[in-house]
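Enquirer: Each chain, written out:
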Amino acid sequence: DTGVSQDPRHKITKRGQNVTFRCDPISEHNRLYWYRQTLGQGPEFLTYFQNEAQLEKSRLLSDRFSAERPKGSFSTLEIQRTEQGDSAMYLCASSLDPGRVTEAFFGQGTRLTVV
Amino acid sequence: AQKVTQAQTEISVVEKEDVTLDCVYETRDTTYYLFWYKQPPSGELVFLIRRNSFDEQNEISGRYSWNFQKSTSSFNFTITASQVVDSAVYFCALSEALENTGFQKLVFGTGTRLLVSP
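First to last, the sequence lines map onto chains B and F.
So in my numbering, spot 112 of the first sequence is number 112, and the numbers just go up one at a time.
Just so we're on the same page, my numbering is the position in the second sequence counted from 1, plus 1000.
The reader is advised that the hints may include incorrect statements.
Under the rule of at most 20 Å between Cα atoms (straight-line distance), these lysine to any residue pairs were calculated in the SDA-like manner [as the list claims (entries may be wrong)]: (1) F/1003 / B/108; (2) F/1105 / B/17; (3) F/1003 / B/38; (4) F/1105 / B/66; (5) F/1105 / B/115; (6) F/1105 / B/54; (7) F/1003 / B/59; (8) F/1038 / B/5.
Computed spacing ranges between beta-carbons, pair by pair [as the list claims (entries may be wrong)]: (9) B/38 / F/1118: 45 to 53 Å; (10) B/64 / F/1060: 43 to 51 Å; (11) F/1070 / B/96: 20 to 28 Å; (12) B/12 / F/1020: 20 to 28 Å; (13) B/27 / F/1059: 23 to 31 Å; (14) F/1029 / B/83: 45 to 53 Å; (15) B/96 / F/1058: 25 to 33 Å; (16) F/1072 / B/62: 35 to 43 Å.
It should be emphasised that the hints constitute simulated quantities derived from the structure, not laboratory data.
Just so it is clear, CB atoms sit at the ideal spot from N, CA and C, and this is done for glycine as well.
Sequences and hints are given; from them, build the entire structure.
Expert: Given below as structure tokens:
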């Protein structure tokens, strides 16, 4: 399968614990995005990478959140000191950079439940 | 600020009925892109269509068709002869075309859940 893959698919954690999610984009895609989706809502933008550079961050991304994309390949999203409000689906997407806006392809997401 | 409104929270139809999902957007940009995505129960967002603001031609792809009307800021999606497999949540999204950086942030609507029964 050559789509966007995310791991784990589900994560249950206790409040206050740290969690880390991984995203493997489509191999030739140099743009990578993280979105968060809560129940009954559309996805909301969190952050964007062009290769290994993190170029945009949403105000939703508090200082407890950190994202990396070493070597411009896979990406990780870490949440420190999780809170119940962090419970959501975390979606990763990737797209090509052919010099114009293109569609983003999404993974199946990681569903986080903070208890 | 950009905004996408999908006023229909949930639509139920019987198989073979036609159904239209509404999408109204707000933007001050003259250049922008509109998208539709499908989210089946598995959770993955499946890309359906991308349309730029300069192309107002309607598009048809099999049973799917899209009606883009700039005058009313709408980008509606019609499924003809619906099937049970069309059951999913459908999202309309809007992005800015920041060509100098290549960055596109998608602003999504709240989605319309379509239930197609046999």
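Enquirer: Which numbered hints are broken by the structure, listed smallest first?
Expert: Violated hints (numbers, rising): 1, 2, 5, 9, 12, 14; every other hint is consistent with the structure.
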